[in-house]
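Peer 1: Sequence:
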Amino acid sequence: FKAKGFTMVGGQSLIEGEMLSLPATLNASMVTKFRYHKTNGDTNNNASNKGAFEIPDEAALLLGGRVGEHVGFIFEMQMAEDGAPAFAAYKMPIGFDAGGAHIEIIPFATDAFGPQFSFELLNTGAQRSIRVLENRSAISAVQKLGLQGAAQGVGFAAYHTTGYINYTAWQPETGKAASSSGDFFHYLRIAATPQIVDGWDIGGGVQLWSGTGKLDDGITYNKKDAYALALQAQGNVGNMPLGLYATYGNAKKSAAGKTANTFNTGTNDDATAWSVLGELGVITNKATVALGYMGYDDGTATDNEQTITTVGATYLIAQNVELQANHSWKGGSYYDLATNNAQANGDQETLLMLFSAF
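Using the numbering used here, you'd call the opening residue of the sequence shown number 15 and step up by one each time.
In case anyone wonders, no lab produced these hints; they're calculated from the structure. One thing to keep in mind: the hints can contain errors.
[Said to hold, decoys possible] DSS-like mimics (lysine-lysine), calculated; alpha carbons at most 30 Å apart, straight line:
#, residue 1, residue 2
1, Lys-237, Lys-300
2, Lys-18, Lys-300
3, Lys-272, Lys-16
4, Lys-272, Lys-237
5, Lys-267, Lys-237
6, Lys-266, Lys-228
7, Lys-16, Lys-47
8, Lys-18, Lys-47
Go ahead and model the full structure; you've got the sequences and the hints to work with.
Peer 2: Quick look at the structure:
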(Lines of atoms letter the chains of each structure in order from A and count residues from 1; the text may use other names and numbers.)
(Lines give C-alpha, C1' and ligand atoms only; values in the text may rest on other atoms or scores of the structure.)
Protein backbone atom coordinates (compact mmCIF):
# COMPACT_ATOMS: atom_id res chain seq x y z
CA PHE A 1 0.00 0.00 0.00
CA LYS A 2 2.72 2.46 0.98
CA ALA A 3 5.16 1.40 -1.75
CA LYS A 4 2.41 1.79 -4.36
CA GLY A 5 1.67 5.37 -3.31
CA PHE A 6 -1.49 4.70 -1.23
CA THR A 7 -3.58 3.93 -4.33
CA MET A 8 -4.62 0.36 -3.43
CA VAL A 9 -8.23 0.05 -2.23
CA GLY A 10 -8.75 -3.59 -1.22
CA GLY A 11 -12.45 -4.34 -0.78
CA GLN A 12 -13.59 -0.71 -0.86
CA SER A 13 -16.06 0.30 -3.54
CA LEU A 14 -15.00 2.99 -6.00
CA ILE A 15 -16.60 6.09 -7.45
CA GLU A 16 -15.48 5.92 -11.07
CA GLY A 17 -15.97 7.95 -14.20
CA GLU A 18 -13.93 9.35 -17.06
CA MET A 19 -10.49 10.13 -15.55
CA LEU A 20 -11.97 9.60 -12.07
CA SER A 21 -11.33 6.79 -9.59
CA LEU A 22 -12.02 7.61 -5.94
CA PRO A 23 -12.77 5.28 -3.02
CA ALA A 24 -16.28 5.64 -1.67
CA THR A 25 -14.81 5.92 1.84
CA LEU A 26 -12.08 8.30 2.96
CA ASN A 27 -9.45 6.65 5.16
CA ALA A 28 -8.95 8.58 8.42
CA SER A 29 -7.14 7.76 11.63
CA MET A 30 -6.54 9.47 14.96
CA VAL A 31 -3.01 8.86 16.28
CA THR A 32 -2.03 9.71 19.86
CA LYS A 33 0.99 9.28 22.12
CA PHE A 34 0.57 9.72 25.87
CA ARG A 35 3.97 9.60 27.62
CA TYR A 36 5.68 9.76 31.00
CA HIS A 37 9.29 10.95 30.66
CA LYS A 38 11.85 10.73 33.49
CA THR A 39 15.55 11.65 33.57
CA ASN A 40 17.80 11.60 36.64
CA GLY A 41 19.54 14.98 36.47
CA ASP A 42 19.50 17.31 39.48
CA THR A 43 18.58 20.61 37.85
CA ASN A 44 15.04 21.93 38.05
CA ASN A 45 15.36 23.55 34.62
CA ASN A 46 14.34 20.35 32.86
CA ALA A 47 10.86 19.08 33.75
CA SER A 48 11.78 15.48 32.91
CA ASN A 49 14.31 15.39 35.79
CA LYS A 50 11.35 15.45 38.16
CA GLY A 51 9.23 13.23 35.93
CA ALA A 52 6.92 14.76 33.34
CA PHE A 53 3.58 13.66 31.95
CA GLU A 54 3.40 14.50 28.23
CA ILE A 55 -0.29 14.21 27.38
CA PRO A 56 -0.34 14.30 24.50
CA ASP A 57 3.24 14.08 23.36
CA GLU A 58 1.75 13.73 19.90
CA ALA A 59 -1.78 13.93 18.57
CA ALA A 60 -2.56 13.89 14.88
CA LEU A 61 -5.36 13.26 12.44
CA LEU A 62 -4.14 11.21 9.48
CA LEU A 63 -5.97 11.13 6.17
CA GLY A 64 -4.79 9.03 3.27
CA GLY A 65 -5.61 6.88 0.30
CA ARG A 66 -6.44 7.00 -3.35
CA VAL A 67 -6.94 10.26 -5.26
CA GLY A 68 -6.96 8.69 -8.71
CA GLU A 69 -5.86 5.53 -10.47
CA HIS A 70 -2.23 6.67 -10.35
CA VAL A 71 -2.35 9.25 -7.56
CA GLY A 72 -2.44 8.80 -3.78
CA PHE A 73 -1.88 10.97 -0.73
CA ILE A 74 -1.25 11.03 2.99
CA PHE A 75 -1.80 14.06 5.22
CA GLU A 76 -0.96 14.61 8.88
CA MET A 77 -2.78 17.34 10.83
CA GLN A 78 -1.01 17.88 14.15
CA MET A 79 -3.03 18.95 17.17
CA ALA A 80 -0.54 18.73 20.06
CA GLU A 81 1.63 21.84 19.66
CA ASP A 82 0.05 25.24 20.22
CA GLY A 83 1.17 27.76 17.63
CA ALA A 84 2.61 25.15 15.26
CA PRO A 85 1.01 24.80 11.82
CA ALA A 86 -1.69 22.14 11.59
CA PHE A 87 -0.32 21.24 8.15
CA ALA A 88 2.42 19.04 9.58
CA ALA A 89 3.15 16.55 6.79
CA TYR A 90 1.76 15.87 3.33
CA LYS A 91 2.74 14.01 0.20
CA MET A 92 0.99 13.09 -3.04
CA PRO A 93 2.74 10.25 -4.91
CA ILE A 94 2.01 10.07 -8.64
CA GLY A 95 3.03 6.64 -9.86
CA PHE A 96 3.03 4.16 -12.72
CA ASP A 97 4.04 0.54 -13.11
CA ALA A 98 6.92 -0.08 -15.49
CA GLY A 99 7.68 -3.74 -16.03
CA GLY A 100 8.26 -5.22 -12.59
CA ALA A 101 8.95 -1.82 -11.00
CA HIS A 102 6.79 1.02 -9.70
CA ILE A 103 7.90 4.59 -10.53
CA GLU A 104 6.76 7.63 -8.55
CA ILE A 105 7.07 11.41 -8.51
CA ILE A 106 6.36 12.63 -4.97
CA PRO A 107 5.80 16.28 -4.04
CA PHE A 108 5.91 16.56 -0.24
CA ALA A 109 6.29 18.78 2.81
CA THR A 110 7.04 17.87 6.42
CA ASP A 111 7.75 19.77 9.61
CA ALA A 112 10.11 17.15 11.06
CA PHE A 113 10.81 14.03 8.95
CA GLY A 114 13.41 15.43 6.52
CA PRO A 115 13.66 14.67 2.78
CA GLN A 116 13.49 10.94 3.53
CA PHE A 117 9.75 11.45 4.11
CA SER A 118 9.34 11.44 0.33
CA PHE A 119 9.86 7.64 0.19
CA GLU A 120 11.10 5.25 2.90
CA LEU A 121 10.17 1.68 3.83
CA LEU A 122 12.69 0.25 6.33
CA ASN A 123 12.32 0.23 10.14
CA THR A 124 15.83 1.35 11.13
CA GLY A 125 15.00 4.96 11.99
CA ALA A 126 16.11 6.13 8.54
CA GLN A 127 12.91 8.19 8.80
CA ARG A 128 12.00 9.52 12.23
CA SER A 129 8.51 8.02 12.38
CA ILE A 130 9.55 4.49 11.29
CA ARG A 131 11.45 2.96 14.20
CA VAL A 132 11.29 0.05 16.65
CA LEU A 133 11.41 1.86 20.02
CA GLU A 134 10.16 5.27 21.10
CA ASN A 135 13.51 6.66 22.30
CA ARG A 136 14.73 7.31 18.77
CA SER A 137 18.05 9.01 19.62
CA ALA A 138 19.12 5.91 21.59
CA ILE A 139 18.56 3.35 18.83
CA SER A 140 19.20 5.01 15.44
CA ALA A 141 22.33 6.74 14.12
CA VAL A 142 20.26 8.95 11.81
CA GLN A 143 18.17 10.16 14.73
CA LYS A 144 21.15 10.67 17.08
CA LEU A 145 22.92 12.82 14.49
CA GLY A 146 19.77 14.84 13.78
CA LEU A 147 19.62 14.01 10.08
CA GLN A 148 16.05 15.21 9.65
CA GLY A 149 13.94 18.33 10.17
CA ALA A 150 11.60 20.54 8.18
CA ALA A 151 11.72 19.83 4.45
CA GLN A 152 9.75 20.32 1.25
CA GLY A 153 10.49 19.31 -2.30
CA VAL A 154 9.97 16.58 -4.88
CA GLY A 155 11.12 12.98 -4.70
CA PHE A 156 11.70 10.64 -7.65
CA ALA A 157 11.50 7.01 -6.56
CA ALA A 158 11.57 3.56 -8.14
CA TYR A 159 10.42 0.51 -6.17
CA HIS A 160 10.89 -3.19 -6.89
CA THR A 161 10.48 -6.20 -4.63
CA THR A 162 14.29 -6.40 -4.53
CA GLY A 163 14.87 -2.79 -3.46
CA TYR A 164 14.22 0.87 -4.11
CA ILE A 165 15.97 4.12 -4.99
CA ASN A 166 14.92 7.65 -4.17
CA TYR A 167 16.43 10.95 -5.30
CA THR A 168 14.89 14.06 -3.74
CA ALA A 169 15.47 17.73 -4.55
CA TRP A 170 14.48 19.70 -1.45
CA GLN A 171 14.87 22.73 0.77
CA PRO A 172 14.98 22.71 4.60
CA GLU A 173 11.88 24.82 5.13
CA THR A 174 8.13 24.50 4.73
CA GLY A 175 5.29 26.81 3.77
CA LYS A 176 4.49 28.87 0.71
CA ALA A 177 6.79 31.69 1.82
CA ALA A 178 9.81 29.39 1.96
CA SER A 179 12.13 29.55 -1.01
CA SER A 180 15.74 28.80 -1.80
CA SER A 181 17.63 31.50 -3.63
CA GLY A 182 20.46 29.06 -4.26
CA ASP A 183 20.68 25.49 -5.48
CA PHE A 184 18.33 22.87 -4.08
CA PHE A 185 19.66 20.39 -1.56
CA HIS A 186 20.06 16.74 -2.53
CA TYR A 187 19.02 13.51 -0.85
CA LEU A 188 19.76 10.05 -2.24
CA ARG A 189 18.49 6.76 -0.84
CA ILE A 190 19.47 3.37 -2.25
CA ALA A 191 18.14 0.24 -0.52
CA ALA A 192 18.16 -3.47 -1.28
CA THR A 193 15.52 -5.94 -0.07
CA PRO A 194 16.72 -9.28 -1.48
CA GLN A 195 15.09 -12.63 -0.77
CA ILE A 196 18.26 -14.54 0.12
CA VAL A 197 17.25 -16.45 3.28
CA ASP A 198 14.00 -18.42 3.42
CA GLY A 199 11.66 -17.10 6.08
CA TRP A 200 13.60 -13.86 6.61
CA ASP A 201 12.94 -10.37 5.28
CA ILE A 202 16.28 -8.60 4.85
CA GLY A 203 16.87 -4.99 3.90
CA GLY A 204 19.70 -2.52 3.93
CA GLY A 205 20.95 0.58 2.26
CA VAL A 206 22.65 3.96 2.24
CA GLN A 207 21.40 7.54 2.65
CA LEU A 208 23.24 10.66 1.44
CA TRP A 209 22.49 14.31 2.26
CA SER A 210 24.35 17.04 0.34
CA GLY A 211 24.15 20.56 -1.00
CA THR A 212 24.53 24.23 -0.10
CA GLY A 213 21.95 26.96 -0.58
CA LYS A 214 20.38 30.06 0.87
CA LEU A 215 17.30 30.11 3.06
CA ASP A 216 14.22 32.20 2.33
CA ASP A 217 15.85 35.35 3.71
CA GLY A 218 18.18 35.27 0.69
CA ILE A 219 21.16 35.80 3.02
CA THR A 220 21.66 32.82 5.32
CA TYR A 221 23.57 29.93 3.79
CA ASN A 222 22.77 26.37 4.79
CA LYS A 223 24.85 23.26 4.11
CA LYS A 224 24.03 19.56 4.42
CA ASP A 225 26.77 16.92 4.38
CA ALA A 226 26.14 13.49 5.90
CA TYR A 227 25.62 9.83 5.11
CA ALA A 228 24.14 6.80 6.85
CA LEU A 229 24.13 3.02 6.47
CA ALA A 230 21.62 0.56 7.90
CA LEU A 231 20.70 -3.12 7.83
CA GLN A 232 17.68 -5.00 9.15
CA ALA A 233 16.58 -8.64 9.25
CA GLN A 234 13.15 -9.86 10.35
CA GLY A 235 12.26 -13.52 10.76
CA ASN A 236 11.55 -16.18 13.38
CA VAL A 237 13.59 -18.08 15.94
CA GLY A 238 11.49 -21.11 16.75
CA ASN A 239 7.98 -19.76 17.31
CA MET A 240 9.17 -16.27 18.25
CA PRO A 241 9.51 -13.37 15.78
CA LEU A 242 12.89 -11.64 15.85
CA GLY A 243 14.01 -8.31 14.41
CA LEU A 244 17.68 -7.31 14.16
CA TYR A 245 18.79 -3.78 13.26
CA ALA A 246 22.17 -2.07 12.79
CA THR A 247 22.88 1.55 11.81
CA TYR A 248 25.86 3.84 11.22
CA GLY A 249 25.92 7.56 10.46
CA ASN A 250 28.52 10.25 9.73
CA ALA A 251 28.02 14.03 9.73
CA LYS A 252 31.05 15.68 8.16
CA LYS A 253 32.91 18.33 10.15
CA SER A 254 32.54 21.95 9.06
CA ALA A 255 35.43 23.76 7.40
CA ALA A 256 36.68 26.83 9.25
CA GLY A 257 35.69 30.05 7.53
CA LYS A 258 33.20 28.34 5.21
CA THR A 259 29.48 27.60 5.34
CA ALA A 260 28.90 25.34 8.34
CA ASN A 261 27.40 21.88 7.96
CA THR A 262 24.14 22.20 9.90
CA PHE A 263 24.40 18.52 10.89
CA ASN A 264 27.81 19.19 12.53
CA THR A 265 28.88 22.81 13.02
CA GLY A 266 32.13 21.81 14.76
CA THR A 267 35.45 22.00 12.90
CA ASN A 268 37.44 19.42 14.90
CA ASP A 269 36.21 16.08 13.52
CA ASP A 270 33.25 14.28 11.97
CA ALA A 271 30.35 13.37 14.24
CA THR A 272 29.60 9.65 14.10
CA ALA A 273 27.09 7.23 15.59
CA TRP A 274 26.44 3.51 15.36
CA SER A 275 23.82 1.26 16.89
CA VAL A 276 22.63 -2.34 17.15
CA LEU A 277 19.19 -3.43 18.33
CA GLY A 278 17.30 -6.68 18.69
CA GLU A 279 13.58 -7.16 19.35
CA LEU A 280 12.09 -10.56 20.24
CA GLY A 281 8.40 -11.45 20.36
CA VAL A 282 7.88 -13.35 23.61
CA ILE A 283 4.09 -13.65 23.37
CA THR A 284 2.84 -14.10 19.81
CA ASN A 285 1.12 -10.97 18.48
CA LYS A 286 1.11 -9.56 22.01
CA ALA A 287 4.43 -8.73 23.69
CA THR A 288 8.06 -8.06 22.78
CA VAL A 289 11.31 -7.32 24.57
CA ALA A 290 14.23 -5.37 23.09
CA LEU A 291 17.88 -4.66 23.81
CA GLY A 292 20.04 -2.07 22.07
CA TYR A 293 23.43 -0.37 22.26
CA MET A 294 24.72 2.86 20.70
CA GLY A 295 28.13 4.50 20.41
CA TYR A 296 28.34 8.23 19.60
CA ASP A 297 31.19 10.70 19.05
CA ASP A 298 30.10 14.33 18.69
CA GLY A 299 33.35 15.32 16.96
CA THR A 300 34.63 17.71 19.61
CA ALA A 301 38.19 17.48 20.94
CA THR A 302 37.39 16.40 24.53
CA ASP A 303 34.55 14.78 26.47
CA ASN A 304 33.14 13.76 23.11
CA GLU A 305 32.16 10.10 23.48
CA GLN A 306 28.82 8.64 24.55
CA THR A 307 27.48 5.13 24.99
CA ILE A 308 23.80 4.28 25.43
CA THR A 309 22.42 0.91 26.51
CA THR A 310 18.65 0.58 26.12
CA VAL A 311 16.11 -2.04 27.16
CA GLY A 312 12.53 -1.95 25.98
CA ALA A 313 9.26 -3.83 26.11
CA THR A 314 5.96 -3.54 24.27
CA TYR A 315 2.52 -4.99 25.00
CA LEU A 316 -0.51 -4.81 22.70
CA ILE A 317 -3.73 -4.10 24.59
CA ALA A 318 -5.41 -4.27 21.20
CA GLN A 319 -4.00 -4.57 17.69
CA ASN A 320 -3.92 -0.76 17.48
CA VAL A 321 -3.19 0.17 21.12
CA GLU A 322 0.31 -0.38 22.51
CA LEU A 323 1.97 0.05 25.88
CA GLN A 324 5.72 0.61 25.62
CA ALA A 325 8.52 1.05 28.15
CA ASN A 326 12.11 2.15 27.41
CA HIS A 327 14.99 2.66 29.82
CA SER A 328 18.48 3.87 28.84
CA TRP A 329 21.79 4.00 30.71
CA LYS A 330 24.30 6.51 29.33
CA GLY A 331 28.08 6.57 29.74
CA GLY A 332 31.31 7.76 28.15
CA SER A 333 33.56 10.78 28.57
CA TYR A 334 30.72 13.18 27.68
CA TYR A 335 29.12 12.40 31.04
CA ASP A 336 32.32 13.03 33.01
CA LEU A 337 31.38 16.72 32.99
CA ALA A 338 28.79 17.66 35.60
CA THR A 339 27.19 20.09 33.14
CA ASN A 340 26.31 17.11 30.95
CA ASN A 341 25.31 14.83 33.81
CA ALA A 342 23.88 15.71 37.21
CA GLN A 343 23.49 19.40 36.39
CA ALA A 344 21.72 18.63 33.10
CA ASN A 345 19.56 15.64 32.16
CA GLY A 346 21.47 12.98 34.05
CA ASP A 347 22.73 9.68 32.66
CA GLN A 348 19.55 7.61 32.80
CA GLU A 349 16.28 8.06 30.92
CA THR A 350 12.90 6.34 31.17
CA LEU A 351 9.98 6.57 28.74
CA LEU A 352 6.54 5.04 29.27
CA MET A 353 4.12 5.42 26.38
CA LEU A 354 0.54 4.58 25.49
CA PHE A 355 0.23 4.66 21.69
CA SER A 356 -3.06 4.37 19.81
CA ALA A 357 -4.31 4.66 16.24
CA PHE A 358 -7.99 4.35 15.37
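Peer 1: Taking each numbered hint in turn, which are not upheld by the structure, reported in ascending numerical order?
Peer 2: 1 and 3
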